[in-house]
Amino acid sequence: MTLKPSQSVYPVTKEAEHEAECILAIIVDNEPGVLARVVGLFSARGYNIESLTVAETDEAKHTSRITVVTRGEPSKIDQIKLQLGRLVPVRRVIDVTQEDDALQRELALIKVVGEGDIRVEAMRVAEIFRARAVDITHSSFIFEVTGARDKINAFIDLMEPLGRSEVSRTGVLSIRRGVTRD
Amino acid sequence: MAAADGSVNPEQNTVTTEKASTALNTKLVKAGAELLLDALEEQGVDTIFGYPGGAVLPIYDALHRRDTIRHILVRHEQGAVHMAEGYARSTGKPGVVLVTSGPGATNAVTGLADALLDSIPLICISGQVARKLIGTDAFQECDTVGITRACTKHNYLATSTQALPGIVHEAFHVATTGRPGPVLIDIPKDVQFEEAPYTPASAARKRSSMNAPAVNPRQIEEAVDLMRHARRPVFYTGGGVINAGPQASVALRGLAKLTGFPVTSTLLGLGAFPAADPQWIGMLGMHGSVEANHAMHDCDVMINIGARFDDRVTGRLDAFSPTSRKIHVDIDPSSINKNVPVNVGIVGDAGEVVTALAEEWRRREKKEVYNSTRINDWWAQINKWRGVNCFHYQKSDTVIKPQYAIERLYELTKHRDDVYITTEVGQHQMWAAQYFHFEDPNRWMTSGGLGTMGYGLPAAVGVQAAHPDALVMDIAGDGSVQMTMQEFSTAVQYRLPVKIFIVNNAYLGMVRQWQELLHDGRYAQSYSEALPDFVKLAEAYGGVGLRAETPAELDDKIKEMIETPHPVLFDCVVTKEENVFPMIPSGAAHNEMLLGGDVTGDEIDKEGRKLV
Chain A
1 MTLKPSQSVY PVTKEAEHEA ECILAIIVDN EPGVLARVVG LFSARGYNIE
51 SLTVAETDEA KHTSRITVVT RGEPSKIDQI KLQLGRLVPV RRVIDVTQED
101 DALQRELALI KVVGEGDIRV EAMRVAEIFR ARAVDITHSS FIFEVTGARD
151 KINAFIDLME PLGRSEVSRT GVLSIRRGVT RD
Chain B
1 MAAADGSVNP EQNTVTTEKA STALNTKLVK AGAELLLDAL EEQGVDTIFG
51 YPGGAVLPIY DALHRRDTIR HILVRHEQGA VHMAEGYARS TGKPGVVLVT
101 SGPGATNAVT GLADALLDSI PLICISGQVA RKLIGTDAFQ ECDTVGITRA
151 CTKHNYLATS TQALPGIVHE AFHVATTGRP GPVLIDIPKD VQFEEAPYTP
201 ASAARKRSSM NAPAVNPRQI EEAVDLMRHA RRPVFYTGGG VINAGPQASV
251 ALRGLAKLTG FPVTSTLLGL GAFPAADPQW IGMLGMHGSV EANHAMHDCD
301 VMINIGARFD DRVTGRLDAF SPTSRKIHVD IDPSSINKNV PVNVGIVGDA
351 GEVVTALAEE WRRREKKEVY NSTRINDWWA QINKWRGVNC FHYQKSDTVI
401 KPQYAIERLY ELTKHRDDVY ITTEVGQHQM WAAQYFHFED PNRWMTSGGL
451 GTMGYGLPAA VGVQAAHPDA LVMDIAGDGS VQMTMQEFST AVQYRLPVKI
501 FIVNNAYLGM VRQWQELLHD GRYAQSYSEA LPDFVKLAEA YGGVGLRAET
551 PAELDDKIKE MIETPHPVLF DCVVTKEENV FPMIPSGAAH NEMLLGGDVT
601 GDEIDKEGRK LV
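Protein chains in written order, with this note's numbering: chain A, 1 to 182; chain B, 1 to 612.
Only chain A is shown next, with the shape it has when bound in the complex (with noise of 0.2 angstroms):
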């Protein structure tokens, strides 16, 4: 087994571990106050949330689905699980980044203002992405883009000297690929 540091405020000496991202995939009761008590560990135990997408994902057994993108070493990861597994109404919690091969998606809305050549240039480079004008005015563009949450970051980023004005996201979508059940 490998040792994991600490939590603790008192001093250690910390072995360096890799923090990387993780994309937690949480089944929960849909009742009153779940997403709260989910969000509410997270800020009273000091984890970040990247993202954060929740819907009803199961009408018949009243569940619902709450992807969670995090930040940290996997000793902390671990520990963010195992808290969220004290959760009453936490049905499962599926780690998908240690999953081979879990599809992620993302959505974006991505408003860019701008005339003349970078207007043209905006319009190529969505069309690298495969984004989708939603909305044109003689001004301005909405894409639409989705895809793993890198390739919207790279979307985003391209997009902001050609005149981007403003972002919405949904967060991440995540499932398994093959005959698996949540």
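Just so you know, not all the hints are guaranteed correct.
[Stated by the list, open to error] Cut-off 27 angstroms, straight-line C-alpha distance, at most; resulting in silico cross-link-like pairs (BS3-like, lysine-lysine):
{"hint": "1", "chain 1": "B", "residue 1": "LYS576", "chain 2": "A", "residue 2": "LYS61"}
{"hint": "2", "chain 1": "B", "residue 1": "LYS30", "chain 2": "B", "residue 2": "LYS257"}
{"hint": "3", "chain 1": "A", "residue 1": "LYS81", "chain 2": "B", "residue 2": "LYS206"}
{"hint": "4", "chain 1": "B", "residue 1": "LYS206", "chain 2": "B", "residue 2": "LYS395"}
{"hint": "5", "chain 1": "B", "residue 1": "LYS414", "chain 2": "B", "residue 2": "LYS93"}
{"hint": "6", "chain 1": "B", "residue 1": "LYS576", "chain 2": "B", "residue 2": "LYS401"}
Just so you know, these hints were derived from the structure itself, not from any lab.
Got chain A; can you put chain B on it based on the hints?
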């Protein structure tokens, strides 16, 4: 009913009536308040600690009409929760609290947080304003579920009367299974009035937080391997053993006897292993014994059973037990590897795991007899540490030393087998842990995790309510006891003869000690300039007040206290500036303990000061 020919068939008649009444039962509707009490009765509740108010009046009305559940009227809701904690800790059953909405619920918060950190099973029922008023800033409305989310294991807002009985049953399940804890049920007033059928416990949904897996036999083998090869082993036991029930303490004693290993315990675990046993090396941690802390530091195999590597126990983490391989048994998987990385982490009930360890040990014994001389050198070393006599203090003929007071309290009561001790928080708590000794579990009730001053007096009332004939003593401090002093009135009202033994040094002693060690003796706000006359205060409440000021009169006064069949406030006037030793200064390791007499004032470095 008469048959057509005018004759009556009595047999058939009975059957019909029975059928009718069963059908009636399943369809029988009752008000929410009645359903709540039915569910509490089904869960075996005999005592509720509570305080009425507008939003729980229907429940009080229902209580008034039945005599199955005794209600203890407190003076402040915090007191109710601590009483329920005392009740729960001394009986092993969940304690039940009933409070009103708004301030009733917010006053209960401290007690709930206390129960959460010390893993005490509680059910707190709070009233709420009627559903249609929720969110309107109604009178005595607060977001109880929101406020208590972080200080309960789980909480509920009963949004319908139909769901209420099921919620109550699930709440008991959540509170008592896995790692126990407090559960709150918030019941809007109109839900208490509305009528619905009852749901028996057998038909209720019972979720709990992720269940602990069955004990893993491979891990048990691994653990026993480490134990049998150890040269310097130590059992580090905690409150988990107490929470796992008396059979876990029996199992622990068995395993200790089997192995011959030394046993130490956290503050909350005292009593799981008998203090009179030669293998007992005392409490560990910040104010633990020299032998226990040195054993923790120097051991090569540490077996943690039901403790959680709290910072008061580990001290400086990077110097914590550097040479040991660690086995950690905990029912909560999130406790394992949280603060201290371990080699074998076993998730499970302390009693079950200890039993499995003992079985595995015996199985190995058949193949190869354990050579108990392996640990002879270790015991020789431990006995050397014992020789330091770390709890030694300067005795006095003229003034009462606080340590002496507790020693006498112990000596004069140790022949009894019905002694229960609660404490407040501070120096007296540590002295109680050091100088009072426990042979059995569930006899020692103290606020460990949250460190709640004002815990002991109401907790003692709760213990006494569960054990009316026992000797229940609160070892208190003059500061702490004033935080919940009003509950003395509760003790008087219900003729619960608790003994409140105040170790009165006229200081917030632990604060003063830290100011002496960390802040060059600038005693900011730690001197009690205006203490009440505790004897008169006791009399004002209708109890008995006693005072001892010299060692010569102490024994007689203590005997008088024990013989008094009424609640007693005992004002034991002790030396003002005594410190608790030994002590691991903050930021230091287990083998860097301070003993009484070697304090110069610069033991704690700059970094240590920040740690508290």
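Tested hints:
1. B:LYS576 / A:LYS61: violated (64 angstroms)
2. B:LYS30 / B:LYS257: Given that 27 angstroms is the threshold and the Cα spacing comes to 55 angstroms, the pair is violated.
3. A:LYS81 / B:LYS206: Satisfied, since the Cα-Cα distance of roughly 22 angstroms is no more than 27 angstroms.
4. B:LYS206 / B:LYS395: violated (57 angstroms)
5. B:LYS414 / B:LYS93: holds (26 angstroms)
6. B:LYS576 / B:LYS401: holds (9 angstroms)
In summary, the numbered hints that this structure violates are 1, 2, 4.
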